[in-house]
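Asker: In full-length UniProt numbering, the protein residues as written are 1 to 291.
Simulated from the structure, these hints should not be mistaken for laboratory data.
Incorrect hints may appear among the rest.
[What the hints assert, rightly or not] Subject to a maximum C-alpha distance of 25 Å in a straight line, what follows is the list of computed DMTMM-like cross-link-like pairs (lysine to aspartate or glutamate):
id : residue 1 : residue 2
1  : Lys286    : Glu40
2  : Lys99     : Glu143
3  : Lys286    : Asp243
4  : Lys93     : Asp107
5  : Lys132    : Asp243
6  : Lys99     : Asp148
7  : Lys132    : Asp116
8  : Lys178    : Glu232
9  : Lys286    : Asp202
10 : Lys286    : Glu143
11 : Lys121    : Asp202
12 : Lys132    : Glu149
13 : Lys132    : Glu95
14 : Lys94     : Glu37
15 : Lys93     : Glu37
16 : Lys99     : Glu40
17 : Lys70     : Glu112
18 : Lys121    : Glu227
19 : Lys210    : Asp220
20 : Lys197    : Asp243
21 : Lys70     : Glu282
22 : Lys94     : Glu112
23 : Lys132    : Asp224
24 : Lys93     : Glu40
25 : Lys193    : Glu232
26 : Lys178    : Glu37
27 : Lys99     : Glu173
28 : Lys193    : Glu165
29 : Lys70     : Asp107
30 : Lys178    : Glu227
31 : Lys132    : Glu173
32 : Lys210    : Glu165
A quick note: this is a predicted structure, and the numbers were derived from the prediction, not measured.
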Amino acid sequence: MGTASSCLAGSETFARELCSLEDVPENCITAMFMYMEPPEICLLARVNRSFHRASRSDTVWEHKLPRNYKFLIRRILQGQQEDGEIEKLIIRKKEIYAKLCRPNLFDAGTKEAWLDTRSGKVCLAISPMAMKITGFDDRRYWEHISSDESRFGSIAYLRQIWWLEAVGNISFEFAPGKYSLLFKIQLGKPLRKCGRKTCNLDQVHGWDIKPIRFQLSTSDGQCDTSERHLDESGRWLYHHVGDFVVENENSPVSVNFSMLQIDCTHTKGGLCLDCVIICPLEYRGKYSYFD
Numbered sequence: 001m002g003t004a005s006s007c008l009a010g011s012e013t014f015a016r017e018l019c020s021l022e023d024v025p026e027n028c029i030t031a032m033f034m035y036m037e038p039p040e041i042c043l044l045a046r047v048n049r050s051f052h053r054a055s056r057s058d059t060v061w062e063h064k065l066p067r068n069y070k071f072l073i074r075r076i077l078q079g080q081q082e083d084g085e086i087e088k089l090i091i092r093k094k095e096i097y098a099k100l101c102r103p104n105l106f107d108a109g110t111k112e113a114w115l116d117t118r119s120g121k122v123c124l125a126i127s128p129m130a131m132k133i134t135g136f137d138d139r140r141y142w143e144h145i146s147s148d149e150s151r152f153g154s155i156a157y158l159r160q161i162w163w164l165e166a167v168g169n170i171s172f173e174f175a176p177g178k179y180s181l182l183f184k185i186q187l188g189k190p191l192r193k194c195g196r197k198t199c200n201l202d203q204v205h206g207w208d209i210k211p212i213r214f215q216l217s218t219s220d221g222q223c224d225t226s227e228r229h230l231d232e233s234g235r236w237l238y239h240h241v242g243d244f245v246v247e248n249e250n251s252p253v254s255v256n257f258s259m260l261q262i263d264c265t266h267t268k269g270g271l272c273l274d275c276v277i278i279c280p281l282e283y284r285g286k287y288s289y290f291d
């Protein structure tokens with residue numbers, strides 16, 4: 001019995017001496033990383049030097065990047081780089097992925113793009129400042145409120161108006177797939193009292209009389225429309241406008257979208273508009289929305 005135990009212990013010691021994580025070939029680790037999600041790769045990079053070197057491989061990170069990543073670099077990151085640095089950035093795939101996963105403002109800070117850290121799919125947010133909105137520059141109708149709840153640092157608050165029309169457009173090179181478009185809006189004016197967030201509903205009126213019409217259309221002929229009354233106050237909601245499909249790579253798609261309530265028989269007010277979101281269809285569930 002004792003001899004058997006001693007032999008077994010000796011075999012285990014011998015096995016440990018023969019093989020350890022340090023002995024795993026780096027190309028095998030790289031191949032393994034190809035099937036892992038980026039957060040898992042970054043965690044395993046701490047195991048040892050071989051894992052760390054494999055975690056920096058361009059082969060791994062080019063596989064994780066969207067196929068149109070060179071377009072994303074030039075459209076989103078170019079303004080952040082010094083002259084002559086953009087081509088160097090294209091070579092460093094892990095750095096590209098890390099930068100694109102952060103919220104990146106572009107088009108003079110009126111739009112934002114980021115990659116989902118796990119899947120590498122792109123999402124967009126569009127500020128009211130990038131839209132054409134009735135009376136937007138007239139303080140009698142609209143107020144711009146600083147807010148830490150907004151991706152852009154401020155929200156547009158509608159005091160009162162007869163004719164509401166908010167229209168926007170973006171031309172972007174999306175990776176093939178299906179995308180959803182949503183308006184992020186709230187009934188009620190956000191306030192902060194004694195350090196607590198609250199909402200003033202005094203000016204909310206007119207939204208239950210006639211529905212708002214949401215529309216989207218694309219340059220390749222796709223259209224979608226939805227209508228709904230706004231009847232829930234005091235919290236941000238993502239109103240689903242519709243979906244569109246991108247089939248071709250390396251081909252920009254122009255997306256037009258709007259929010260309309262143009263019945264002039266009554267005034268309406270007390271509405272906040274934060275942004276428009278475009279995201280892959282499978283991520284629409286991350287947002288609280290009306291369908």
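Asker: Against each hint, give a clear statement of whether it holds in the structure.
Answerer: Do the hints match the structure? See the list:
At most 25 Å may separate the alpha-carbon atoms for a hinted pair to count; Lys286 and Glu40 meet this at roughly 21 Å. For the hint linking Lys99 to Glu143, the alpha-carbon distance of about 33 Å lies beyond 25 Å, and the restraint is violated. Taking the CA atoms of Lys286 and Asp243, the gap is about 16 Å. The hint holds against a cut of 25 Å. A distance of roughly 24 Å separates the Cα atoms of Lys93 and Asp107; the hinted pair therefore holds under the 25 Å criterion.
Between Lys132 and Asp243, the direct Cα distance comes to roughly 22 Å. Compliance with the 25 Å bound is thereby established for this hinted pair. This hinted pair checks out: Lys99 and Asp148 have alpha carbons roughly 22 Å apart, not beyond 25 Å. Our distance criterion of 25 Å between C-alpha atoms is broken by Lys132 and Asp116, whose separation comes to about 29 Å. For the proposed pair Lys178 and Glu232, the alpha carbon gap of about 29 Å is over 25 Å, so the pair is violated.
Distance check on the hinted pair: Lys286 and Asp202 sit about 30 Å apart at the alpha-carbon level, beyond 25 Å; violated. Under the criterion of a C-alpha separation no larger than 25 Å, the hint pairing Lys286 with Glu143 is inconsistent with the structure, at around 29 Å. Distance restraint check for Lys121 and Asp202: the Cα-Cα separation of roughly 41 Å exceeds the 25 Å cut-off, and the hinted pair is therefore not satisfied. For the proposed pair Lys132 and Glu149, the alpha carbon gap of about 22 Å is at most 25 Å, so the pair holds.
Note on Lys132 and Glu95: the hinted pairing is violated, with a Cα-Cα distance of about 36 Å set against a maximum of 25 Å. For the hint pairing Lys94 with Glu37, the CA-to-CA distance comes to about 13 Å; that is within 25 Å, so the pair holds. A threshold of 25 Å between alpha carbons decides the hint, and for Lys93 with Glu37 the separation of about 15 Å falls inside it, so the pair holds. Between the alpha carbons of Lys99 and Glu40 the distance comes to roughly 18 Å, so the proposed pair stays at or under 25 Å and holds.
For a cut-off of 25 Å, the pair hint linking Lys70 to Glu112 stands: about 17 Å separates their Cα positions. For the suggested pair Lys121 and Glu227, the alpha carbons sit about 29 Å apart, so the restraint of at most 25 Å is broken. For the given pair, Lys210 sits about 31 Å from Asp220 by alpha-carbon distance, which is inconsistent with the 25 Å threshold. A hinted pair counts as satisfied when its Cα atoms are at most 25 Å apart, and Lys197 with Asp243 does not qualify at roughly 33 Å.
Proposed proximity of Lys70 and Glu282 is supported: the alpha carbons are some 24 Å apart, at most 25 Å. About 21 Å separates the Cα atoms of Lys94 and Glu112, which keeps this hinted pair within 25 Å; it holds. Distance hint between Lys132 and Asp224 is fulfilled; the C-alpha atoms sit about 20 Å from each other, no more than 25 Å. Of the pairs offered as hints, the one joining Lys93 and Glu40 holds, with about 17 Å between alpha carbons and a cut-off of 25 Å not exceeded.
For the hint linking Lys193 to Glu232, the alpha-carbon distance of about 22 Å falls within 25 Å, and the restraint holds. Restraint check for Lys178 and Glu37: satisfied, since their Cα atoms lie roughly 21 Å apart, inside the 25 Å limit. Distance restraint check for Lys99 and Glu173: the Cα-Cα separation of roughly 18 Å lies within the 25 Å cut-off, and the hinted pair is therefore satisfied. In summary, the hint linking Lys193 to Glu165 is not supported, as the alpha carbons are separated by about 32 Å, beyond the 25 Å threshold.
Distance restraint check for Lys70 and Asp107: the Cα-Cα separation of roughly 17 Å lies within the 25 Å cut-off, and the hinted pair is therefore satisfied. As the CA atoms of Lys178 and Glu227 are separated by approximately 21 Å, the hinted pair is consistent with the 25 Å bound. For the given pair, Lys132 sits about 22 Å from Glu173 by alpha-carbon distance, which is consistent with the 25 Å threshold. With a CA separation close to 14 Å, the supplied pair Lys210 and Glu165 stays within the 25 Å bound.
In the structure shown, a violation is registered for the earlier hints numbered 2, 7, 8, 9, 10, 11, 13, 18, 19, 20 and 28, in ascending order.
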